[in-house]
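Novice: The primary structure of each chain is shown beneath.
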Amino acid sequence: MGLAKRIIPCLDVDKGRVVKGVQFVNIRDAGDPVEVARRYNSEGADELTFLDITATHEGRDTIVHVVEQVAGEIFIPLTVGGGIRTVDDVRLMLNAGADKVAINSAAVANPDFVREAAEKFGNQCIVVAIDAKQVAGKPGTDTENETPRWEIFTHGGRKPTGIDAIEWSKKMVSYGAGELLVTSMDNDGVKNGFDLPLTRTISDNIAVPVIASGGVGNLDHLAKGVLEGHADAVLAASIFHFAEYSIAEAKRHMAERGIEVRL
Amino acid sequence: MSRQISIAVIDYGMGNLHSVAKALEHADSQADVKVTADKQVIASADRVLLPGVGAMRDCMGEMQCLDLVDTIKQAAASKPFLGICIGMQALMTHSEENGGVDCLNIIPGNVERFADDLSDPTASGDEHLKIPHMGWNQVHQQIKHPLWQNIPQNQRFYFVHSYFVVPQSPDPVAGSTVYGHPLCVALAADNIFATQFHPEKSADAGLQLFHNFINWDGSYDCSACS
Numbered sequence: 001m002g003l004a005k006r007i008i009p010c011l012d013v014d015k016g017r018v019v020k021g022v023q024f025v026n027i028r029d030a031g032d033p034v035e036v037a038r039r040y041n042s043e044g045a046d047e048l049t050f051l052d053i054t055a056t057h058e059g060r061d062t063i064v065h066v067v068e069q070v071a072g073e074i075f076i077p078l079t080v081g082g083g084i085r086t087v088d089d090v091r092l093m094l095n096a097g098a099d100k101v102a103i104n105s106a107a108v109a110n111p112d113f114v115r116e117a118a119e120k121f122g123n124q125c126i127v128v129a130i131d132a133k134q135v136a137g138k139p140g141t142d143t144e145n146e147t148p149r150w151e152i153f154t155h156g157g158r159k160p161t162g163i164d165a166i167e168w169s170k171k172m173v174s175y176g177a178g179e180l181l182v183t184s185m186d187n188d189g190v191k192n193g194f195d196l197p198l199t200r201t202i203s204d205n206i207a208v209p210v211i212a213s214g215g216v217g218n219l220d221h222l223a224k225g226v227l228e229g230h231a232d233a234v235l236a237a238s239i240f241h242f243a244e245y246s247i248a249e250a251k252r253h254m255a256e257r258g259i260e261v262r263l
Numbered sequence: 264m265s266r267q268i269s270i271a272v273i274d275y276g277m278g279n280l281h282s283v284a285k286a287l288e289h290a291d292s293q294a295d296v297k298v299t300a301d302k303q304v305i306a307s308a309d310r311v312l313l314p315g316v317g318a319m320r321d322c323m324g325e326m327q328c329l330d331l332v333d334t335i336k337q338a339a340a341s342k343p344f345l346g347i348c349i350g351m352q353a354l355m356t357h358s359e360e361n362g363g364v365d366c367l368n369i370i371p372g373n374v375e376r377f378a379d380d381l382s383d384p385t386a387s388g389d390e391h392l393k394i395p396h397m398g399w400n401q402v403h404q405q406i407k408h409p410l411w412q413n414i415p416q417n418q419r420f421y422f423v424h425s426y427f428v429v430p431q432s433p434d435p436v437a438g439s440t441v442y443g444h445p446l447c448v449a450l451a452a453d454n455i456f457a458t459q460f461h462p463e464k465s466a467d468a469g470l471q472l473f474h475n476f477i478n479w480d481g482s483y484d485c486s487a488c489s
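Chains as they are written, first to last, in our numbering: chain A, 1 to 263; chain H, 264 to 489.
One chain only, chain A, in its complex shape:
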């Protein structure tokens, strides 16, 4: 008996619509965030994360309505990420019904924003997204004999910052992050599983929960994220959207591996 490890489906939202092909049977409108959220909730999702990928400024207001609608019907924690840059952005999302916001590049550009947001709204609602790439010690590269090292990258993994990912994680926690969302930019979309050494190194070095993200291709990847990556929660998008696996199947698999889950 104890705290369950969480499974969090992530939905990409563009101009108020869920994108990246949600393939559910018996769902009337797979692009409707409320319908998709309802389905994930009934399958036993522990939380939901919305990532707003809307590129245009005008389209950005729609995520607020999405959050309002979902929060009015689905009673599990909601996190919203993408384009959160100011204290007003945070307030807007929380007032719309989000429980947490994920801060990404704005934390790199201005670390004090994290501190300010945490002081104003509480650490529990500030998730800092750590997007990292391995720059040393990676098997099969010139540096494979070096001590593993990861660096923070922004702009979808294109722009290096020179910031050490482990040091940055510690700093973000000291600034008030209540949770870290750790994404391997090497593994994201590759479906070979999480970067377990990265996840484990961060999780073992900080006091707040860590969500592993990036690279899930099968159910055992989720289990390994917890067992070997020491993650407190696992986040995945495509394996759930394309109905390869249901959340209930994911939980059963994790339970079979001896992980405590909410069934």
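Take the hints with a grain of salt, since some may be wrong.
As the list claims (entries may be wrong) - Quick list of in silico lysine-lysine cross-link-like pairs, DSS-like style, CA-CA up to 30 Å:
{"hint": "1", "chain 1": "H", "residue 1": "K297", "chain 2": "A", "residue 2": "K120"}
{"hint": "2", "chain 1": "A", "residue 1": "K15", "chain 2": "H", "residue 2": "K285"}
{"hint": "3", "chain 1": "A", "residue 1": "K133", "chain 2": "H", "residue 2": "K393"}
{"hint": "4", "chain 1": "A", "residue 1": "K224", "chain 2": "H", "residue 2": "K285"}
{"hint": "5", "chain 1": "A", "residue 1": "K170", "chain 2": "H", "residue 2": "K297"}
{"hint": "6", "chain 1": "A", "residue 1": "K138", "chain 2": "H", "residue 2": "K393"}
{"hint": "7", "chain 1": "H", "residue 1": "K393", "chain 2": "A", "residue 2": "K171"}
{"hint": "8", "chain 1": "H", "residue 1": "K393", "chain 2": "A", "residue 2": "K120"}
{"hint": "9", "chain 1": "H", "residue 1": "K407", "chain 2": "A", "residue 2": "K120"}
Claimed, not checked - Taking beta-carbon pairs under 10 Å as the criterion, some of the chain A residues facing chain H (in silico):
{"hint": "10", "residue": "A4"}
{"hint": "11", "residue": "N41"}
{"hint": "12", "residue": "G44"}
{"hint": "13", "residue": "E73"}
{"hint": "14", "residue": "F75"}
{"hint": "15", "residue": "L78"}
{"hint": "16", "residue": "A96"}
{"hint": "17", "residue": "F121"}
{"hint": "18", "residue": "C125"}
{"hint": "19", "residue": "S203"}
{"hint": "20", "residue": "A207"}
{"hint": "21", "residue": "V208"}
{"hint": "22", "residue": "L219"}
{"hint": "23", "residue": "A233"}
Stated by the list, open to error - Cβ-Cβ distance ranges computed for the label pairs, FRET-style:
{"hint": "24", "chain 1": "A", "residue 1": "A243", "chain 2": "H", "residue 2": "N368", "range": "51 to 61 Å"}
{"hint": "25", "chain 1": "A", "residue 1": "P197", "chain 2": "H", "residue 2": "S292", "range": "50 to 60 Å"}
{"hint": "26", "chain 1": "A", "residue 1": "D112", "chain 2": "H", "residue 2": "D484", "range": "49 to 59 Å"}
{"hint": "27", "chain 1": "A", "residue 1": "D88", "chain 2": "H", "residue 2": "Q327", "range": "45 to 55 Å"}
{"hint": "28", "chain 1": "H", "residue 1": "S292", "chain 2": "A", "residue 2": "D220", "range": "27 to 37 Å"}
{"hint": "29", "chain 1": "H", "residue 1": "R376", "chain 2": "A", "residue 2": "R91", "range": "21 to 31 Å"}
{"hint": "30", "chain 1": "A", "residue 1": "A55", "chain 2": "H", "residue 2": "H357", "range": "48 to 58 Å"}
{"hint": "31", "chain 1": "A", "residue 1": "S238", "chain 2": "H", "residue 2": "P384", "range": "35 to 45 Å"}
{"hint": "32", "chain 1": "A", "residue 1": "K170", "chain 2": "H", "residue 2": "K297", "range": "41 to 51 Å"}
Just so you know, the hints here were simulated from the structure itself, not pulled from any lab data.
A virtual CB, placed ideally from N, CA and C, is assigned to each residue, including glycine.
Please arrange chain H on chain A, whose structure you already have, making use of the hints.
Specialist: Only chain H this time, still in chain A's reference frame:
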């Protein structure tokens, strides 16, 4: 037409009350929810809910600033009253958060922080536990209570907190969970019920608890407890 039951959700600037209000409405169509800081509305409501997210100093400060302390105490003494998270902790005597804050002193006891070196005694290795205690944990119902009706024993509810209540006497403990050690996560005292977890974020189990609260007349006879 069934009778509407008015529920005052006290709005004292502590976090998002949208979810609490929507979940109450969702839990029972009889719920007539008013998110309010108006003393008259609170005093005349059939039920009162004290929610809250944030830190204790701000919580008590806002209550005092809005001159709501007496109104809340009167409600807690007279009608079905539900405290959630900080709204539970505020019922205690004192919290050690923010260097020490005096609370409403409705239920004797203190609010303490999880130890930094919290670990799982049941784990084989040295499993360090994260703070805040965030996620779904099992709630062991210590007593029979109208608010636990139709909720299975050891049901999981959603938690997010770094502080927990330590009542002076075990009498008001209605539910407990284990995080590093056993802790009290639900209180029951006469017409008051309080939860450390968030029913409004606990899916069907949370909605059931809200349904039970809306349909509770506030009576609770401890001599009938098992």
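Novice: Evaluate each hint against the coordinates.
Specialist: Verification of the hints:
{"no.": "1", "hint": "K297(H) <-> K120(A)", "in the structure": "holds (25 Å)"}
{"no.": "2", "hint": "K15(A) <-> K285(H)", "in the structure": "holds (25 Å)"}
{"no.": "3", "hint": "K133(A) <-> K393(H)", "in the structure": "holds (25 Å)"}
{"no.": "4", "hint": "K224(A) <-> K285(H)", "in the structure": "violated (37 Å)"}
{"no.": "5", "hint": "K170(A) <-> K297(H)", "in the structure": "violated (42 Å)"}
{"no.": "6", "hint": "K138(A) <-> K393(H)", "in the structure": "holds (29 Å)"}
{"no.": "7", "hint": "K393(H) <-> K171(A)", "in the structure": "holds (17 Å)"}
{"no.": "8", "hint": "K393(H) <-> K120(A)", "in the structure": "holds (22 Å)"}
{"no.": "9", "hint": "K407(H) <-> K120(A)", "in the structure": "violated (39 Å)"}
{"no.": "10", "hint": "A4", "in the structure": "holds (5 Å)"}
{"no.": "11", "hint": "N41", "in the structure": "holds (7 Å)"}
{"no.": "12", "hint": "G44", "in the structure": "holds (9 Å)"}
{"no.": "13", "hint": "E73", "in the structure": "holds (7 Å)"}
{"no.": "14", "hint": "F75", "in the structure": "holds (5 Å)"}
{"no.": "15", "hint": "L78", "in the structure": "holds (9 Å)"}
{"no.": "16", "hint": "A96", "in the structure": "holds (7 Å)"}
{"no.": "17", "hint": "F121", "in the structure": "holds (8 Å)"}
{"no.": "18", "hint": "C125", "in the structure": "holds (7 Å)"}
{"no.": "19", "hint": "S203", "in the structure": "holds (8 Å)"}
{"no.": "20", "hint": "A207", "in the structure": "holds (6 Å)"}
{"no.": "21", "hint": "V208", "in the structure": "holds (6 Å)"}
{"no.": "22", "hint": "L219", "in the structure": "violated (19 Å)"}
{"no.": "23", "hint": "A233", "in the structure": "holds (7 Å)"}
{"no.": "24", "hint": "A243(A) <-> N368(H): 51 to 61 Å", "in the structure": "holds (54 Å)"}
{"no.": "25", "hint": "P197(A) <-> S292(H): 50 to 60 Å", "in the structure": "holds (52 Å)"}
{"no.": "26", "hint": "D112(A) <-> D484(H): 49 to 59 Å", "in the structure": "holds (54 Å)"}
{"no.": "27", "hint": "D88(A) <-> Q327(H): 45 to 55 Å", "in the structure": "violated (27 Å)"}
{"no.": "28", "hint": "S292(H) <-> D220(A): 27 to 37 Å", "in the structure": "violated (44 Å)"}
{"no.": "29", "hint": "R376(H) <-> R91(A): 21 to 31 Å", "in the structure": "holds (27 Å)"}
{"no.": "30", "hint": "A55(A) <-> H357(H): 48 to 58 Å", "in the structure": "holds (51 Å)"}
{"no.": "31", "hint": "S238(A) <-> P384(H): 35 to 45 Å", "in the structure": "holds (38 Å)"}
{"no.": "32", "hint": "K170(A) <-> K297(H): 41 to 51 Å", "in the structure": "holds (44 Å)"}
Going through the hint list in order, the structure does not satisfy hints 4, 5, 9, 22, 27, 28.
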